[in-house]
Amino acid sequence: MTDTLAKDHEVVLQQRRDAATQARRLKTLESLFELRAFIALGVLIVVFSLLSDSFLTVDNVITMTKHVAINAVLALGMLLVILKGGIDLSVGSTVGLSGVIAGELLQGLHIGFLDAVAYPQVWAVIVLCIAVGAVVGAVNGLLITRLNVAPFIATLGMLYMARAAAMLISGGTTYPDLAGDPATNNTGFGWLGEGRPLGLPVAVWIMIVLAGLVTLLLRSTPFGRWLYATGGNERATQLSGVPVKRVKVTVYVISGACAAMSGLIIASELTSAAPQAGETFELNAIAAVVIGGAALSGGRGNVRGTLVGAFVIGFLADGLVILGVSTFWQMLIKGAVIVLAVVLDQSQQRFQRNRAAASAIAAEHEDSEAPPTAPAKA
Amino acid sequence: MSSRTRTRTTALGSAALAGALLLTACGDDGGSSEAKSSKSNLITIITPASDNPFFKAEAAAAKKKAEKLGYQTSVASHDDDPNKQSELIDGAISRKSAAIILDNAGADASIGPVRKATKAGIPVFLIDREINETGIAKAQIVSNNAQGAQLAGQEFVKAMKGKGDYVELTGKESDTNAGVRSKGFKDVLSQYPDLKRVARQTANWDQQEAFSKMETILQRHPDIEGVIAGNDTMALGAVAALKADKRKDVVVVGFDGSPDAIAQIKAGKMHATVLQPAALGAERAVQQADKYIKTGKTGQPEKQAIDCELVTKENAAEFGLFARR
Amino acid sequence: MTAAPPVLRAADVTKVYGGTHALRGVSLDIAAGRTTAVFGENGAGKSTLMKILSGVEPPSTGHIELDGRTVAFGAARQAADHGISIIHQELSLCPNLSIQDNLFLGREHTRGGGALLDRAGQKDLARRALDRLDGTIDPEVPVGDLRLGQQQLVEIARALLQDARVLIMDEPTSALSAPEVEVLFRVIRELKATGVAIVYISHHLEEALAIADDVAVLRDGSMVAAARAADVDLAWIVRTMVGRDQDDLFPDRAPTLGEPALEIEGLSVADPATPGRLAVHDISTTVRAGETVGIYGLMGSGRTELLECLAGRLPAASGTVRLHGEPLTGDVRRRIRTGVVLVPEDRQRDGLVQSMTVGQNLSLASVPRFVRRLLVHRGTERDAVDAMITDVTVKTPGADAPIGSLSGGNQQKVVIGKALLTGPRVLLLDEPSRGVDVGAKADVFALMAQQAERGLAVLFTTSEPEEALHIPDRLLIVARGRLIADLRPGELTRDRLMSLADGAAPSEEAPHD
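Residue numbers (the numbering used here), protein chains in the order written: chain A, 1 to 378; chain B, 1 to 325; chain C, 1 to 513.
Since the hints were made in silico from the structure, they are not lab data. Mixed in with the good hints, there may be bad ones.
Unchecked claim - Straight line, CA to CA, 30 Å or less: simulated DSS-like cross-link-like pairs of lysine-lysine:
(1) K186(B) to K248(B)
(2) K334(A) to K172(B)
(3) K246(B) to K269(B)
(4) K119(B) to K297(B)
(5) K183(B) to K161(B)
(6) K334(A) to K183(B)
Generate coordinates for the entire structure from the input sequences, incorporating the hints supplied.
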């Protein structure tokens, strides 16, 4: 065996030198991959700016960011669910339900046995709607943890049930005017959609604050650690004494509350609430999370990526509208972007493994120009 | 809004219908007899959706008229799903309806189900939307979309004083009416070279989508002076976006004559809409169904068009739920 | 090494995973008609070498020669077409399919121009292959219904069916009973006689040495020695593998026993897999603070269920357990808080979160301890984790290294460290030496002894007679869910131990009162 080694030594050294070159090349590629979502966003911005003067203006960026915010708020909730290894298909319906409940409350709540009409104030309406979203999420969570329903199925059921609830409450029609009435002291709902504290729409502030909170939650709380662990290996996490079921229910509750928040923003912007609002929004939210590099199997993903994912989807859609591209092409391009994002993610995983291997061989090469140690014969 | 006190909903409606289908499936009939004696006193009314005020008004008018004429009624919605429409028609056949009033789920996809019902001896009266076939349905009573669009276009031109940049929001691109209306607008507006269409986007009949797309379009074209929309829902979305952008002087014209739009016209936030007399068409269909059941003839040509009416601030008070008061 | 040219040869093979060298310039000759046993600690690179020889993975550098010609296998299937078969350490069977379907998976026999499965023909072949190993297995039974040992036999039968010229066996006996091992060895001798080259890997050193003609020893990814089996003995192999004698494995200690820590009385546990059957049957014993107690039993003897019940993972059917006099109740979470923690048997499935770092895995069970004002305090956590890495001697570049970059032994130390970080009073370990190399094994046992000296009660299971006889202060022998014996290991010989654990198996009667 020693002879073989000596003979092949020169060849081996050459192989190692090649590996070093390859490692450097792969490292460059990998850093490109890491930033792929940012790069995609950059490319979108550059391309649209070249094609239209009105794309990269302060006003338009703010408007587009406001559009992004609605999806981003949903996507941040979805991120938590996906980190757990679950999925929440019910968020779009919760958007509709939340708006309808806001509409019902602002129009006045008929209390049957008192034969009176209550007009909750706007802050109470907002709190109640978010609570309803949280309850929808809690039902999802309990179905999944207590009754062992698969997340896909439980939230699919909830997709229909929450939508049905919105239809039942509204009788299928739109609440046309949510402005409230000074007489009943419930005006001001429009602020969520129209207000611009410090020049930015409220929706954008909500997105920023929520992103900050979720980042803190994920990085610096026990809950965040438990969430990543549950997504990575639920059995091991449970055996470590982590309250896995509580973690699971909590992510659906947060997701539901985020959806309700989104529903409120939409209803406020339109100062009207339609029970069919938010249809297929769940798909946009999932797309944002996936473009942001999260793994649907759980345990991998972060806030930064998800936000960039939401921006990619939103800027793409708005940019195409500015260019006057037809809806059919818009759909095609969006679909292609989602698939491309996942393909790139897979390639990144593979490149990471290859690069690690190549650089290790190269390191060996730098360590020892001398022939490898000959085997010690017994 | 008073109509909200109604408890009928899509969910309940379909649940009841599913029950009805189950029951009828147990029945031993299935043969298609033309004999009058086996016919019930039932008129089945099928519309696209119950969460839209237009279809709701249409169904309500048909139901009211039929009950006034002494018929029982059954109301259901197919949610623009041709398959569900076909199932609903199967249900109507097995319940031996005397007639079907149908606002169909697609000009081509509905030909088969309508033919199926006709073969089973049940006359079908189409309202609101046509099918691409004649001689099967007993009547096709539709609003004159082309005439309505021209009406809307003319009013738009008048309000714009024949010049300026404008945006068009179109309906679902797969929907015939979206195309007919868009063409109607164009026929009028293209005669005025100073009127410039700077953007044309579909908002899929949807308010939120119209809102968001309008906001984006305003970024590119901040100086537009008019918006013409394929329906009122999208027009209302545009109104909300213009309001958010603090634009008060933009002329917005819609289509349909929905109560929400009429309210906005009264408030001066929207310029005009074109009212489709949904109630009138539905009532006419029931009337002709009644005549056909009794005499075997409608006494009318198959294709009938009902003209739309222009609604502006001046005459807004004269209109109610898709009908003149 | 042999006169005949090697049928298969690895030439200066290097393999790197995620930055660590699994193999460095390894060369190995495999001769036809002989059994080559490859020894090495876990993480020494045995399994990697086998994966490369069998075409499952390509080498990073170097090459493979078959009959003197360099070959590059794109996939395991290509290697199989060249007559190289591998029996994996991890079973690669589909539990939902029948034995027969598994045997022919990917190489189905067909008729009708390839359109239809030739079920009758397959069944016949399957029947014959299985008969060579175990006449009692029906090829129509779903693999999921088989015992683990029988599943391993199916895996072996699959390799037999492929008429391999080179047959690689990676830990083929890990789940086999003693008689089944005998059958396997008979089959190996038969195959050898027909000229098949066998590569054999097992952490049962004696067993492997008994069947081997040639031996090769890997250490740290390098080939450190090769010899004829007849020229070497067990001590030489251990020395070459580890660089020290086996006696160093087992720490000498004189326990100082404290208060009773864990008092188990009449504990029965229902079998989670088979309703209506008891996995643990009326077991009573006491573990004192400062004591290490071993539980020796075969697979399915109820030892795992006993520990899982104590840890709160399985409910007790009857009986009571006390921790320092207080009744021990609640779920896993509650028991960890009161000081009872389990190091599970299956480290990958139940012990580690692969997507997290070494440090995050270590602190997983103790995160709330590091919370200051609702947030996890990084500094406090980092200090505790670093201290534990030193304490349990984990070899890692740092707390931020991905857990997957560690060797099996070091991963096991992380799982133990995670348990210790919760500050337990009773430490339960289910097969702590499973899949751990000899060097790390010594560390693990030393750790257990050290914890006992600090006043912990340590209760662990083992299926290695050597460990059972040398590690614990007291030994419990279980079979079929019952406690067979409770004695000091010094009172016992290896043969007596085996016969107690084995011999009790066929009889439902427990000799112990």
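Would you mind confirming whether the straight-line C-alpha gap from K119(B) to K297(B) stays at or under 30 Å? Measuring from Cα to Cα gives roughly 17 Å; hence the hint holds.
For K246(B) and K269(B), compute the direct alpha-carbon distance and say whether it is at most 30 Å. Between K246(B) and K269(B) the Cα gap is close to 12 Å, so the pair holds against 30 Å.
Check whether the Cα positions of K334(A) and K183(B) lie no farther apart than 30 Å. Cα-Cα ~29 Å, so holds.
Take the C-alpha atoms of K183(B) and K161(B), compute the straight-line distance between them, and say whether it is at most 30 Å. 21 Å, holds
Take the C-alpha atoms of K186(B) and K248(B), compute the straight-line distance between them, and say whether it is at most 30 Å. Given pair K186(B), K248(B) holds - Cα atoms ~25 Å apart, limit 30 Å.
Given the hinted pair K334(A) and K172(B), is their Cα-Cα distance within 30 Å? 18 Å, holds
Hint check: no violations occur; every hint is consistent with the structure.
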